[in-house]
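Chemist: What follows is each chain in one-letter form.
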Amino acid sequence: MMRAEAGDLQHSIAPDMRDTDLAPEVLDRQLERVWGTPATLWGILATVDHKRIGRRYVATAFIFLAMGGVLALLMRLQLAGPERRLIGPDRYNQIFTMHGANMMFLFAVPVMEAIAVYLVPLMVGTRNIAFPRLNAFSYWIYLAGGVLLWVAFALDMGPDIGWFAYVPLSGPQYGSGKRADIWAQMITFTEIAALAVAVELVVTVLKQRAPGMSLDRVPLFVWAMLVTSFCVIMAMPAIMVASTSLILDRLVGTHFYNPAEGGDVLLWQHLFWFFGHPEVYIIFLPAVGMISGILPTFARRPIFGYLPLVLALIATGILAFGLWVHHMFATGLPRLGESFFTASSMAIAIPNGVQIFCWLATLALGRPVLAAPLLFVLAFFFTFIIGGLSGVMVASVPLDTQVHDTYFVVAHFHYVLIGGAVFPLMGAIYYWFPKLTGRMMSERVGRVVCGLVFVGFNLTFFPMHILGLQGMPRRIYTYQPDMPWGGLNLFVSLSSCLLAAGFLIFFIDIMRCMRWGLPAGDNPWNAATLEWATTSPPRSYNFARIPVVSSANPLWDEPELLVSSGLRVERRELVISTVAAAVPEARDASPANSIWPFFAAIATTGMLISSIFTPWAVVWGSLPVMVTLIGWFWPKSTPEDQA
Amino acid sequence: MTSILQKPRMAFDLSELPLHGKRSASLTWWGTLGFMLIEGSGFALVLAVYLYLASIATEWPLGAPPPDLLPGTIVTAVLLLSLIPNMLVSRWARQEDLRKVRIGMIVMALLGIAPLVPRAFEFSALNVLWDSNAYGSITWTLLGLHTTHLITDLIDTLVLSALMFTRHGRNPRRFGDVQDNAMYWNFVVLTWLPIYASLYGIPRL
Amino acid sequence: MFAGLRPRRMLLCTAVLLASASGFAVSLQSSAASDIDVGNVGGMTLRLALPIRQTSGSAGRAIFDHDRLFVITPFPHSVLALNLARTDASVLWRYSPRADGMAAGLATGHVTTDGAVLSAGRLFLNTFDGHTIALDAATGGVVWDVAMADVERGETLLVAPLAIDDRIYIGNSGSDFGVRGWMAALNAATGRMLWKRYNAGPDVEVGIGEGFSSPYLPREPDLGVTSWPANAWQQGGGGLADAPIYDAPLGLLIHTTGHPAPMNAEQRPGANYFTSGLFARDALSGDARWFVPINPHDLYGFGAAGSLIPADIHWQGNNRAVLIHPDANGMVYVLDRSSGQILSAHPFLEVNASEGLDARSGTLRGNPAKAAHVNSTTRDICPAWPGATGGTARAAFAPQTGLLYIPVSRLCMDMEARQASFMPGTPYMGANLRIKPPRDSNRRGALLAWDVAAGRLAWSADESLPVESGVLATAGGVVFYGTLDGWFKAVDASSGRPLWQFHAASAIVGQPIGFQRADGRQYIAVAAGVGGAAGAVAQKEIDIRDATAARGYANAIRDLKPAATDGMLYIFSLP
Amino acid sequence: MLLIALALLACKREARELRTDPPATDALNGVVPMANRINGGLPRIFIAQGSPYENNAYQLGQGKRLYDWFNCKGCHANGGGASGPALTDGRWRYGPDPVSIFLTIRDGRPHGMPAFANRLTTEQIWQLTGYVRTMGAYSAQTAAPSRNDEMQSRPAENRAPAATEIRMPPSR
Amino acid sequence: MRALATSLALLCAGCTGSQTVLAPMGPQAAQLNWLLWSFILICGIIWLLVMFVLVLALRYAAVPSQRGERRAAVIVGVSVAASALVIIVLTVMSYAATRGLSVAADDPLVIRLRGYQWWWEVTYTDRRPDRMLVTANEIHVPVGHPINIELSAADVIHSFWVPNLVGKQDLIPGRRNDLTFTASRPGVYRGQCAEFCGLQHAHMALLVIAEEPAAFEAWRDAQLQVARPPETIEQEAGRTFFVSQPCAACHTVRGTNAAGTLGPDLTHVASRRTIAAGLLETTRGSLAAWIADPQTIKPGNNMPMVTMTPEQLRAVSAWLVDLQ
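Residue numbers (the numbering used here), protein chains in the order written: chain C, 1 to 643; chain F, 1001 to 1205; chain W, 2001 to 2575; chain Z, 3001 to 3172; chain B, 4001 to 4324.
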C-alpha cells in the first residue's frame, strides 16, 4: 500500500522538487499529498501525524479523566455517611487504587505529554515530531495499558493495592491473584509510552527548531516540556525497575521484597518514590509551561523574567530527584537523613516562588484581559499556593508524622495536582482549543465552568485538611458513626457534585464547540508564539514554509514572519538545526505513515500481558515483537529513505 | 487559510543543505543517545538496588560463595576486544566503505554471539539461584538485564548486516545506522564494566 | 546357628523397615570384651545376618542375656526373643503390643525406638504411643501395661525406661508438640506410679524443695513459672531429651530435659527453666537435688541432648566422681556428680551459635548474631538443631585411654523464627529450618576422640555423612561405630587408625553392643536400618526439593541413597 | 479478542467472596463419603458456586495462610514432608481428588493425621483443600499462590512444584 | 469564603475529639500542635500576601516603562530572598522539633506493639517474663510516665497513630521502629492504622487509655490474672464450647486450654472497651453479633463464621462477657 503511494508520487512529481517557486495553492496541494493521512481505516491506524496522535492522546486521557472522576464520585458516595454499605471494602480498595493509578498514569502524565506532542512541533516550527512512528507506537501502547487496567477492573480483577502498591501488601503473599500484576504491567505500558514520547520531545526540541530559534527564544512551554522529558527519562526507569522486580517476586519467586531472604520492603518505597516524587513535577512542570504560555497573551506583554523562569524550571527538575524520602518520614529512617530531605523538600519552594513572582510581575506590568484561560490561571494561583504551602508543611518531618496518610495529605496533593496542573490544563484547553479545532470555545460557558470547578474544588477539598487534622486516615472505605467526621464528609460529598457538574459542563461544551463553536482564525488571542502562525487547525504539514525566528515573541516582534525555502516537496522533509543556536544543518526526511507501529504495539501488548502469567512469554512473545520491529525499520525505498 | 496563501517573505534558503544529517545532525543519533540515557538510568538503578541490598545484609553474598571468575572474565575480555573491530566498523561506515562495512558487520555479529556462550555459563557460575535469596535475585537480574541488551543489540546487528547486503545497503542512512549501532554496542560494553566490577568484586571485599 | 545368612539380594525385598538406636546401660557401652583387640579385629567376620521381618520396623537395640537376644523394633513395636543357642537363631517368642496409629504422626522426623531394659527377669519397654509395658523375659507374657502418655496431645515415650532396683524410671517426650515434660518412677512389680515430677512449672510440681541447690540459678521460688511468659510453661515442652542414668552411691537419678516449645524463642522470653538442662533427683523421692541449665532460653531446640556418662576420673590431682556430657550444642561438659558444678566445658567442634561459658554464672553465652528472629533468616548457625551429637548418636568413654568417643554431626542451619500457635496435638514449632554442610567442607560427620582431662581433641575420623550411630569402645582398644552410608567400622581407640569395616545393607544408626557367650567367645552385634532423623529422608515420603523438608534435615543429606531400607541384625566375631 | 478471552478466563478467579452463607456452609460440609471413607462425591453446591476452592485466587491464598497458621508445616514442612508425607511430590496416599483431601483434613487419617473438624470451619477446610491441591500440581494454575515472605524452601505453587524435576543443586 | 467559615466552625468541633491532632494530650503532641499552628500562621500570612499582590497586579494598570521593569525585578528578587529566609526559618523550626521529639526518655515503660491484619497485639515488657502481659487493641498507660513503643508488623505494613499523643510511625515487616510519648492527662485516646493494609484497613483502631499510675498498676495486676472461672452453668457451657471448637485454635484464654495466638488474647476481653479492633463496644450483644457473623460486620477479616446453635452462641457470649 505504502509502495503504491510512493509510486504515485514518483509518477506525478519530479524528484527533488523544491518549494522555492511554487505558488501557495500548489505548494499546499503538494505538501498535503505528501504529509496527509488518507481518511481510511489504514490511514487511521497508520498515521504518524503528531497532531492526529496528539489529539487522540488528549481525547483518550480526558476519557480516562472522566472515568477516574466517576470513581471519585463513587468514593464520595460511599464516604458520605458513616458505615455505608454501598461499596464493600474489596471493591472500594479497587476503586481508590484505580482512581489513583488512572489519574496518575493514564491521565496526568499522558495528557501533559499529549498536549506537548501536539504543540511542541508547532511551537518550534517544524513539520512533525521526531520519530513519528515511535509516537504512533507510544499511543497504541498507552491505549493498551489503559484498556488492560479498566478491563481488569470491570472483571473484578482491578488492582486493590493503592496506586503506590506498597509491598508486602502487593507482594506475592498478600496480593493473591493477578491484581497487582495488572497494576505493575499497566505501569510498564504507560512508562514505555511516556519514555518514548520523552525521547521524541527531547530530540524535537533540541534538533528540529526553526532556523533562528536559539535556546533563549524557545517558548517557555517548550522549555518546560524539555525539562519534563528529561525528568521522565531519569525517573521512569525507577518505576520500571520496581514494577518489574515486583512481577518477578510474584511470578518466579525472587526475593527483592522478602525481608526473610535478604530483601527489604522499604526498597520498594525508595524505588517507587524515586520515581513518584519527580512524577509530581512531571505533571506540574508542563503546567508551569502552559501558564507561561497563557499569561503573556492575556497580560498583553512578554513574560517577565524569561531567564529566571527557565532556570527555575531546570532547578525544579533537578531538585525533584532529591526529595523522595519525604514520602517516607513515618517509616523510621535515620533522623538526620530525614532532616536533610526536609531541607531539600522545602528548598524546592524557592524555584516555585521564582515562578509565582515572575508571573505576578507579568500580570502587574501588563494589562490583563480576564478571558477564560486567564481565569483558570487565577484559579491556579489561588489553589496551587495553598497546595504549595501545605506542601511545605508535609515536608517538615514532625508535622508529616501527624498528617501523613491522612485526608490532610489527600487535600494537599489535590490542591497541588488539580490546582497546580488541572486548572492550568483547563486554561490551556480553552487557550489552544481554537488552534486544535479552528473554533472558539464559549467564553460565557467558560466562566461558568471556571466558577463551578473553582468553587466546587475548594469546597470539596479544603474541608479535607480539617478532616485530616481531625484524625481521618486515607484509604478507608468507611468510618464509624462515633467519629466526628460525618458532617464534613457529607459536605465534601455534596460539594463534589458541584465540581463534577463543572467538569460535565466543560466536557459538554467541548463537544458542542468542536462542531458549533465560532470560527477562530489563525491567531484569535493575538498571541506571540509560532503555533499561531499557521492555520487553525494546522494543515498536515504544519507550516507551508518553515518560519525563521529572530525573537522570543516572533508574532509580536516581527511585523511579518520571515520564512525559509528550498525544501523538497515530494518527500516528507524538515529542517535539522543545531542544538544551541538553531542554525540549520540538514534537510532530513521524516518517516511516512506506517502500519507497523500498530502491529508492533499489538505484539508488545501480547507479550507484556502474557508475561504476567508465564515468564516464558518474554521469550516466545518477543518473536512477533521482533518481526514487527523489523517490518517497521526495514527500508521501503521511499523518497524518505534517500540521503 | 489566509496566511499560507499570502506570499511570504523568503529569508532563508535551505536548498543547499545535505539531504541527511550525519552523527549529531542525525535524529537517530540523538534518539539512540536518549535511549542510552534511559537504559543507563535503568542500569544505574539496578546497580543501586544491588548496593542497597548489600548494605543492609549481614553478610554478602548471602548464603553463597562468591561467583566464579572465569566465565565472567571471558565475557569481559571478549566484550573489550570487540571494541576494536567495533570502532573500525564505525570508522569505515563514516568513510562509507561498503565492502569493509559488510565484513565488519559480520565480524561484529560473530562478536555479538561470542560473549553469549560464556554468558550462558556465567549464570551457573554465580553459585546461587534467583529464587535462593535477595542476593541471587539481584545478581540474576543484573546479569539478565545485561544479557537482554546483548541479545537485542545482536539482533539489531544481524538485521543491519543483512540489510548491508541488500540494495538498501549503499545508502548514507545505513552507514549512519551502522555508526549508531556501533555506538550502542560501545554503550552495552561500557555498562558491563561497572556491573562486572560489582558482581564479582563486591562479594570478594 | 549361622544358617541365618541369606543372599543380600533377598534381603532387599523385605518390607519397609525402620531402624533404631539404643539406650544401653553404660557398662555395656564400654565393653569388657577383651579378646577382640587392635591386633585381631581386622579378621572379624560376619556370623549372622538376620532380617527382622516386621511390617514396619527393623532391629532396635538388642539385649543379650543367657544366650538370648532381645530385639525391639521401632513403632509399631515388636519384641523378639532370639535363641542364640540354636544355629538358626530361632524366635523364642514374639510380642507385639497394640499400637495407636496416630502416634506415627508424632515422630518428629524419625520413628525409632530407644529399646527396652532387662531387669530381674523382666523386660521393660516404653512404646512410642505412650505405654510402659513389663514383659516376662522367659515367655513374653505381659506382666503389666500402663498408659503413661497421651498421644492425642502429641505426648510420646521415646526414651527407654531405666530400671533401678524395683523401680522403673520413665520420662515423656513431645516438646515439639508443646507437651510439658515430666519424669516419673513406677513400681517395677505393679506398674503403679510412685512419683511424677515436671520439668517446668511451680516448685511443688517440679520437686524443688529443701534439698535443692544450684550454683547457676537465681535463688528465687518458682523459677519454672517466673522464667516463662504467663502460663507459657504449660505448653513449654521440656520432655526427656536423652537416656537418664543412675548414680548408685549418691542415690541420684540424673536426667536431661528437652528443649522448650515453641522453637521460636521470641515467643518465650526468659530462661525457660527447667528445660534444656540436667536434673539430678533423689531416686527414691523424685525431689530435685541440683539443676544445671545447659542451654537456658534454648534458641535452637537442642534440649540438653547428649549422652550422660558417669566416670570416676583423675581430675586435677584428685579422683573425682564426674559426669561427662557431650551436648548437642557442641560442648563437652564435665560436671561434679554430687553438686552439679561444672568443672570444665569445651567446644568439641566448630560452634558459632554460642561463645563459650560465662565463668561466673556458668551459663552459655549465646552469639547474638546467630539468634533467630521472626521475618529474617539467620544463616549458618552451627551446630544445627539435630545437635552436634545426641539422640541416637551415643558417645562412649574408655577409662583406659581417658578418651571420650563422640559421634558427631557437623551441620549448620539457616533458621527463621515463625509465629507458632498452640493447638494441642499439632506441632508447636515456629521455625523454618534449612540444614546444610558447613561452608568450607562436605565432611558432615565424624567420630571424635576427646581427651577429657586435657580438654582437647585427640583425633578424629571424618565421615561424609553425619554419624548417627552409637559408639562401642571395647576393653581391647577398639572403637566401633556405624555410618549413614552403611559402613560398620572399627578403629584404633588410641589413634583413630581404621582397622576393619563391613558394608551393611542399610544405614547404621543403632547402638553396637558387645557380649560374651558361654563359650567365652566375644561377639559384636549391631542393627542396621536407616532410622533416626535420616530415616525420615530415606524412608518417609520426603520431597527433598523442599529445603525445609524433615525440618531441613533432608536438605543436609539429600545425597543419602534411599535404597536398602530393611532392618538387619548383624553379629560378628573372630573366626 | 485476547482481552475477551482473558476476560472469560478471569471471570471467577479474582472475585472475592468474603462471606459464605450458613446454609451454603452446611451444604459444603455435606460430603458423602464412600464406603471406604477415603473419598466421596463433591457436594453439588461446590460445583454450583463455580468451584471457588479450586480456581479462585483469593480462596487459594486463604488456604495458604491457613496452612501456615494451623501448624500443617510442623508435619508436612513446606510441602516436602517430615513426620507427615510430602505434599509437593504429586503422590497422594488417598488420591488427589478434593473430597478425599477434604475428608483427610476434616476427619483425620489413621496414621497420624489429626482431625481438624474442631479447629477449622467447613469453608476453611475447603480453602485448605484447594491450596493443598495446588502444592502437588503438575501444571501450575493461574490462580495458584506465589511464594510467601519467608525463608525460601521450594518453588511456589504458581511454578508447578510437582512438575519440576527432583534434582536441584544443593542450596547452600 | 463560605468554606472557610464552615471550616472554622468545624475546626472547633475537631478540638475536642478523641482522635485529633488539634487536642494534644501529651508533650509530644503539644509540641507538634505548636509547630502546626506556627506553620499554618506563617503559611497563611504568605498566602494572604500573595493573594493581595495578585489582586493588586490585576487592578494595576501598568504603563510599560524601563523603570517599572527594573522595579519589578527588584521586588521579585527581594521576594525570592524573603521566601528563602522563611524556608530556612521553617526548616530550622522543624529540625528543632525533630530533635525535641527524639530525646530518649529515662526509664520508659516499654510496650511492644505488633500489627496484624487487622488488629493490634500489645505486649507489656517486664524484667520478669511472667509479668509480661499480652493483650490486644487497647493500650493502658500511666499518666506522666514516658512510654516507649516498639513497633513491628506480622504481615504487611501498618502505622501506629494516636494523634492526640504523638505523630505516626510505621510498623514494617522485617524492621523495628520506636516511638516515645507521654500522656499528660487521663483519658481515652483513639488511634487508627494509618498505612493502607488491605481489606479492613478502615477498621483497625486501638485505644490508648491514660490512667493515674495507681490505676494503671491495678489494671496491670488484674490483667496478669488468669481468666475468671465460669460462675453459671451457661458460662460453663460457653467455656466448654470455646475450648473444644475452632475458637481455641486462634485465641488464648489463660486459665483454659485455649492457647492459640492467631487472634487477639481474650483472657480479659470483657475488660476492654471495644472488640474487633475498635469496631464495636464490648457488650454481650455485640460479642454475640460478632461471633455469629463476623464477615458481615467486618468483611474480609480473618475470623471465620463458626457454625453453632443459638444456645451455644448465647453460652459463649455469656462466658466471654464475663471475662473481666
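These are calculated hints, taken from the structure and not from any lab test. Quick caveat, the model's predicted, so the values are computed rather than measured. For each residue, glycine too, the CB sits at the ideal point set by N, CA and C. It is possible that part of the hints are untrue.
Calculated from the model, a selection of chain W residues having no Cβ within reach of chain B, i.e. all distances over 10 Å [stated by the list, open to error]: (1) D2100; (2) W2144; (3) D2150; (4) C2382; (5) A2454.
List time: in silico SDA-like cross-link candidates among lysine to any residue, alpha-carbon distance up to 20 Å [claimed, not checked]: (6) C/K636 with F/F1165; (7) W/K2489 with W/S2573; (8) F/K1100 with F/L1110; (9) W/K2196 with W/P2218; (10) F/K1100 with F/T1076; (11) C/K636 with C/L45; (12) W/K2489 with W/K2196; (13) W/K2489 with W/N2083; (14) C/K636 with F/L1019; (15) F/K1022 with C/L45; (16) F/K1022 with C/W42; (17) C/K636 with F/L1110; (18) C/K636 with F/H1020; (19) C/K636 with F/G1169; (20) C/K636 with F/L1081; (21) F/K1022 with C/F633; (22) W/K2561 with W/W2500; (23) F/K1022 with F/G1169; (24) C/K636 with C/A80; (25) C/K636 with F/V1159; (26) W/K2561 with W/S2573; (27) F/K1100 with F/G1169; (28) C/K636 with F/H1168; (29) C/K636 with C/F230; (30) C/K636 with F/M1010; (31) F/K1022 with F/L1160; (32) W/K2561 with W/R2443; (33) F/K1100 with F/L1019.
So these bits of chain C aren't anywhere near chain B, every CB distance computed over 12 Å [stated by the list, open to error]: (34) D21; (35) L74; (36) T97; (37) G171; (38) E338.
Chemist: Would you list, in rising numerical order, the hints stated earlier that this structure does not obey?
Modeler: Per hint list: 9, 10, 12, 13, 15, 16, 17, 20, 22, 24, 26, 29, 30, 33, 36, 37, 38 violated.
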